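Novice: Here are the chains, one letter per residue:
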Amino acid sequence: MTVEESDLVLVKRVQRGDKTAFDLLVRKYQHKVVKLVLRYVRNPAEAEDIAQEAFIKAYRALPQFRGDSAFYTWMYRIAINTAKNSLASRDRSPIAYDLDLTDPEESHSVQTKLQDPDTPEGMALTEEIRLIVNSAIEALPEELKTAIVLRELDGLSYEEIAAAMECPVGTVRSRIFRAREAIDKRLREVFEGGLGRTEEMV
Amino acid sequence: MNEERDSQLSAMFDGELPQAECELLARRLTRDEILRAQWSRFSMIGAALRAERGVALHDRVAWRVQSMVAQEATYGDGSVDAAPTSRTAVIVPASELKAASAARWLRFARPAAGAGIAAGVAAMSIFWLRTQDDSQTILAAAPVTESIVLQPDTSSALVARNTAPAETRASNGEPERYVTPAPSSSASIVPPARLANYVVAHSEYSGPLSRRMALLGLVATDPSEVPATLDEESQESLAAGAADAP
Numbered sequence: 001m002t003v004e005e006s007d008l009v010l011v012k013r014v015q016r017g018d019k020t021a022f023d024l025l026v027r028k029y030q031h032k033v034v035k036l037v038l039r040y041v042r043n044p045a046e047a048e049d050i051a052q053e054a055f056i057k058a059y060r061a062l063p064q065f066r067g068d069s070a071f072y073t074w075m076y077r078i079a080i081n082t083a084k085n086s087l088a089s090r091d092r093s094p095i096a097y098d099l100d101l102t103d104p105e106e107s108h109s110v111q112t113k114l115q116d117p118d119t120p121e122g123m124a125l126t127e128e129i130r131l132i133v134n135s136a137i138e139a140l141p142e143e144l145k146t147a148i149v150l151r152e153l154d155g156l157s158y159e160e161i162a163a164a165m166e167c168p169v170g171t172v173r174s175r176i177f178r179a180r181e182a183i184d185k186r187l188r189e190v191f192e193g194g195l196g197r198t199e200e201m202v
Numbered sequence: 001m002n003e004e005r006d007s008q009l010s011a012m013f014d015g016e017l018p019q020a021e022c023e024l025l026a027r028r029l030t031r032d033e034i035l036r037a038q039w040s041r042f043s044m045i046g047a048a049l050r051a052e053r054g055v056a057l058h059d060r061v062a063w064r065v066q067s068m069v070a071q072e073a074t075y076g077d078g079s080v081d082a083a084p085t086s087r088t089a090v091i092v093p094a095s096e097l098k099a100a101s102a103a104r105w106l107r108f109a110r111p112a113a114g115a116g117i118a119a120g121v122a123a124m125s126i127f128w129l130r131t132q133d134d135s136q137t138i139l140a141a142a143p144v145t146e147s148i149v150l151q152p153d154t155s156s157a158l159v160a161r162n163t164a165p166a167e168t169r170a171s172n173g174e175p176e177r178y179v180t181p182a183p184s185s186s187a188s189i190v191p192p193a194r195l196a197n198y199v200v201a202h203s204e205y206s207g208p209l210s211r212r213m214a215l216l217g218l219v220a221t222d223p224s225e226v227p228a229t230l231d232e233e234s235q236e237s238l239a240a241g242a243a244d245a246p
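So the protein lines, in turn, are chains P and L.
Using this note's numbering, you'd call the opening residue of the first sequence number 1 and step up by one each time.
Using this note's numbering, you'd call the opening residue of the second sequence number 1 and step up by one each time.
These aren't lab readings, by the way, just hints derived from the structure by calculation.
Don't take each hint at face value.
Distance ranges between label pairs, derived from CB positions [what the hints assert, rightly or not]: (1) Ala51(L) with Arg66(P): 31 to 39 Å; (2) Cys167(P) with Ile117(L): 46 to 54 Å; (3) Thr74(L) with Ala139(P): 42 to 50 Å; (4) Glu33(L) with Asn81(P): 30 to 38 Å; (5) Ala20(L) with Cys167(P): 24 to 32 Å; (6) Asp154(P) with Ile117(L): 55 to 63 Å.
Over the 10 Å line for every Cβ pair with chain P, so calculated as not near, a few chain L residues [as the list claims (entries may be wrong)]: (7) Thr30; (8) Val55; (9) Ile117; (10) Ala119; (11) Gly120; (12) Ala122; (13) Ile126; (14) Phe127; (15) Arg194; (16) His202.
Covered stretches of chain P, as calculated for chain L (at least 3 residues, CB under 8 Å) [claimed, not checked]: (17) 60–67; (18) 149–162.
It should be emphasised that the depicted structure is a prediction, and the values quoted were computed from it without experimental measurement.
All residues carry an ideal CB built from backbone N, CA and C; glycine is no exception.
Take these sequences, add in the hints, and give me the full structure.
Specialist: See the structure below:
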């Protein structure tokens, strides 16, 4: 099975009425989509807004998705189009600097901007997570580190990793899982400690 | 923590899980928030490793999208956990199909075979109990009797009745014959010698009163029945028991 087929399982569930399956797709690709949009806009908060809009468009168009291409390729196109449209509309409309804080909508918008990830707190959290992941990676045994790096950084399939590491595919699967488990254990400690409570940041 | 399930989750995240397992895990993921959080962290680990600049490592986009999608229309009939409306063809080797078929057959056959065996054992038990009951009834209904005929009576044969033997009385009021019931087997279950030896051998475990009663019972038996095979210790104990008796 490939990533495309794995995603298609979730897409079909969404098409049968399972909204949570769409949440899984969003969770899986949100960082990649934001990164993609950041090529068009420099502001991370704006990139998140565009990514959010792109995902909503994707959800609305999902009944027409037939699986001719991979979900991410399809999503990639929607995100690029949304980013381009956003840039075009921003160029046409003047930027409003005067905010009326007595207006509930504008007040909410300001509060949201204050909680953006590019605030010092959000940046510190992201940096903290990066440090934890990198230190956990460094602490891994060499075969686990190689397997997870080949997967996440080079994007190799299990079969390709197995060929590179001269071991069975099952061993690759086990090594990648154990590497993730070790990193995840460190991350959980941070999240359960309250540092990375994402819901508080929303 | 379920290691196999987490391993499947990791493989599914990479698109390396077989389709059948993927379908099952997807169903579970939609119901298990803890598993979904783990799925999120897997995504975060990848993003952190790739050092994607400007990408915040949290689920804020996902949370926002989720809350907005909740207000959107639901596709299909919403009964996704019921039987799927369409099935994807999966190429399965013939050997796996046979194994799956055998496993499916065994799943139903095992309880049925178990129930059959249980029913058979129950039927056999009932049959055996009834047979036992019948034979005991026959034995009880036809006790071995011994008739002593006092007067020859050519007209009447010796008849063993099933019921309590009726006494035939002569004109002088004396019974013409007596039917002596067969001695009960329970009366002489344990020979006195064995009983005495047993009581002596186990005297340290019995209470003084019960030991005394048992010995008195032995002493009270017919002297002719007092065994000559008693060992010396038993004879001494018997004597002591008799002396202790009030």
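Novice: Just pull the numbers of the violated hints for me, sorted ascending.
Specialist: Violated hints (numbers, rising): 7, 8; every other hint is consistent with the structure.
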